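Last residue of the sequence shown: number 303 in the numbering used here, and the count goes up by one each step with no gaps.
Source of the hints: derived by calculation from the structure; they are not laboratory data.
Derived pair list, reagent style DSSO-like, types lysine-lysine, alpha-carbon separation capped at 30 Å:
(1) K300 - K279
(2) K276 - K290
(3) K147 - K299
(4) K192 - K276
(5) K192 - K299
(6) K197 - K300
(7) K260 - K208
(8) K246 - K260
(9) K276 - K197
(10) K192 - K300
(11) K279 - K147
(12) K197 - K186
(13) K276 - K147
(14) K290 - K192
(15) K147 - K246
(16) K276 - K186
(17) K192 - K147
(18) K279 - K186
(19) K246 - K208
(20) K197 - K147
(21) K290 - K246
(22) K276 - K299
(23) K276 - K300
(24) K197 - K279
Just so we're clear, the structure is a prediction, and the values are computed from it rather than from any experiment.
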Amino acid sequence: MRSVLRGVALGLTFSLSCNIFSGCKAASKEAPKSTQKTYHLRGRIVSVDSAGGRVMVQHGAIPGYMDAMTMSYRLVEPGTISELHVGDTITARLVVDQDAAGPLDPRLDQIVVVMQARPDTKPSANYHVPQPGDAVPDFHLLNQSGKAIQLAQFRGRVLLLTFIYTRCPIADFCPRMSSNFAEIDKDLQADKRAYAKTHLLSVSFDPKYDTPAVLRSYGGAHTGRFTDEDFAHWDFAAPSLADLSKLEQYFDVGVTGDTKDPSTIMHSLSTVLIGKDGKVIAWFPTNDWKVDDVVAQMKKAAA
Numbered sequence: 001m002r003s004v005l006r007g008v009a010l011g012l013t014f015s016l017s018c019n020i021f022s023g024c025k026a027a028s029k030e031a032p033k034s035t036q037k038t039y040h041l042r043g044r045i046v047s048v049d050s051a052g053g054r055v056m057v058q059h060g061a062i063p064g065y066m067d068a069m070t071m072s073y074r075l076v077e078p079g080t081i082s083e084l085h086v087g088d089t090i091t092a093r094l095v096v097d098q099d100a101a102g103p104l105d106p107r108l109d110q111i112v113v114v115m116q117a118r119p120d121t122k123p124s125a126n127y128h129v130p131q132p133g134d135a136v137p138d139f140h141l142l143n144q145s146g147k148a149i150q151l152a153q154f155r156g157r158v159l160l161l162t163f164i165y166t167r168c169p170i171a172d173f174c175p176r177m178s179s180n181f182a183e184i185d186k187d188l189q190a191d192k193r194a195y196a197k198t199h200l201l202s203v204s205f206d207p208k209y210d211t212p213a214v215l216r217s218y219g220g221a222h223t224g225r226f227t228d229e230d231f232a233h234w235d236f237a238a239p240s241l242a243d244l245s246k247l248e249q250y251f252d253v254g255v256t257g258d259t260k261d262p263s264t265i266m267h268s269l270s271t272v273l274i275g276k277d278g279k280v281i282a283w284f285p286t287n288d289w290k291v292d293d294v295v296a297q298m299k300k301a302a303a
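Given only the sequences and the hints, what does the whole structure look like? Please build it.
As structure tokens, this is what we get:
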């Protein structure tokens with residue numbers, strides 16, 4: 001039976017040096033020093049090379065690196081190749097070395113299978129990919145003040161929702177989402193009309209650890225007001241354990257790992273812009289969305 005299910009991350013190391021234009025060669029001790037860059041990739045697997053430990057991925061544009069294309073990538077941990085199948089949709093961290101010769105050795109780690117293709121490995125739960133116009137269910141959560149809230153209460157306002165957990169160690173994931181939201185919160189404060197018609201919501205998928213007290217401390221630190229924060233415009237909340245899976249499935253959030261050890265948790269990203277009517281306006285499944293673009297969309301929707 002397949003060991004990696006929907007939303008499972010594959011952790012990863014490596015040793016070859018590959019130039020995407022000239023092919024692969026063994027790394028030498030005399031190789032010039034290189035810098036390392038990382039990018040976020042989301043795409044569909046179109047072929048699997050089990051012997052070579054590589055997958056061919058059809059993916060969208062990767063800002064700052066390449067346009068949308070279909071390309072072969074080495075897995076940092078070749079042994080995980082058995083967990084991937086043609087048609088699977090994945091998110092991953094793309095690691096690239098850079099030296100005078102150009103980009104070298106593009107490889108994938110922190111892989112999360114966000115949608116499986118093989119019928120015999122499909123989980124019983126169906127993960128929904130948010131689309132513009134989708135009506136968002138009325139999920140219930142507990143916020144940083146210990147108050148029960150529900151998504152329906154934000155009807156009449158434009159809601160920007162994202163997923164985080166407070167112990168996340170990956171700078172490009174939860175910390176980046178929270179920093180982006182802090183910028184958005186400040187930008188909207190400068191426009192009183194837009195501020196009154198919008199709201200921010202950060203949802204934790206680690207409710208056992210992210211209690212109201214933890215979320216309150218985390219939220220106050222990110223707004224910069226600490227204990228003076230009133231959370232009038234930005235809530236930090238978590239669902240009950242009973243509702244967690246439903247929330248993750250609706251917003252296409254793949255999570256795996258042991259919450260007792262936060263370093264083992266891997267997850268995909270999901271940020272959703274919801275209109276005043278409670279319907280999806282836009283969905284951002286990566287970390288490359290721009291604060292200015294989202295602020296502009298929020299102001300337009302709130303007008």
